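The sequence shown begins at 3 in our numbering and counts up one residue at a time.
In case anyone wonders, no lab produced these hints; they're calculated from the structure.
Possibly wrong hints are sitting among the right ones.
[Claimed, not checked] In silico lysine to aspartate or glutamate, EDC-like type, Cα no more than 16 Å apart, as pairs:
#	residue 1	residue 2
1	97	129
2	158	117
3	82	102
4	82	129
5	73	129
6	158	129
7	106	87
8	73	114
9	106	77
10	83	129
11	73	87
12	118	101
13	106	92
14	83	69
Since the model is a prediction, treat every value here as computed from it, not as a measurement.
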Amino acid sequence: MLIKARLGDVQKFVRITEPDLKGFLISESVSMVPSPEQSELPSLDLPDSQDKDILSESPSVKRQRLDTEVKHLVESILTKKPGGERIINEYNQSKSLTDETRQKMVNILAADMTEKNGTSPPRQVKEMYARGIVSLFPYLSDPFSRTSYEDYYDGKSGTGYLAWRIQTIQRSTARDRRSTYGGPSEGASHEDGPGGPAAR
């Protein structure tokens with residue numbers, strides 16, 4: 003871990019291998035001995051504007067922050083939509099969801115996702131929602147998968163409950179558009195129009 007230390011006008015970053023305050027103070031007091039003109043005790047002052055954001059977030063802190071954000075996103079979506087509270091209550095009681103309840107949850111989240119991002123949401127958005135599901139409902143995560151949320155969306159293969167539901171939404175939207183504009187629908191038979199293998 004790096005810590006910014008200042009003694010008088012001397013400022014430097016110090017790497018700490020073990021969180022032992024006494025050992026740190028002894029080792030660093032020797033390396034930061036003030037010169038004769040800096041012999042007065044250092045004052046604690048507020049950090050300068052240039053001191054901000056010197057140390058970036060560690061990956062684990064960033065992951066925890068992201069997990070918290072997506073957890074609140076999924077929770078807010080479920081609490082605002084009809085049936086969402088029932089999903090949360092069922093999970094809180096049994097630490098699992100029935101297939102029917104899981105489908106309802108996926109339908110709610112996929113509908114919200116397509117409402118906000120169109121019928122073809124980016125991969126990052128799908129991953130964010132999938133990560134939010136396993137953050138809010140940790141017992142639904144897959145401990146043997148690479149990301150623990152691959153059942154809901156796997157960005158590598160483009161599969162998962164959310165991806166399949168979005169594909170269904172895309173098909174039904176395309177079918178609705180074709181029927182609105184007078185084109186043949188998906189279930190049209192070969193006898194309805196010329197061409198194809200049935201035409202001779």
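Structure-based check of each hint:
no.	hint	in the structure
1	97 with 129	violated (22 Å)
2	158 with 117	violated (24 Å)
3	82 with 102	violated (19 Å)
4	82 with 129	violated (21 Å)
5	73 with 129	holds (12 Å)
6	158 with 129	holds (10 Å)
7	106 with 87	holds (11 Å)
8	73 with 114	holds (15 Å)
9	106 with 77	holds (14 Å)
10	83 with 129	violated (21 Å)
11	73 with 87	holds (15 Å)
12	118 with 101	violated (26 Å)
13	106 with 92	holds (12 Å)
14	83 with 69	violated (21 Å)
Of the hints listed earlier, those the structure fails to meet are numbers 1, 2, 3, 4, 10, 12, 14, in rising order.
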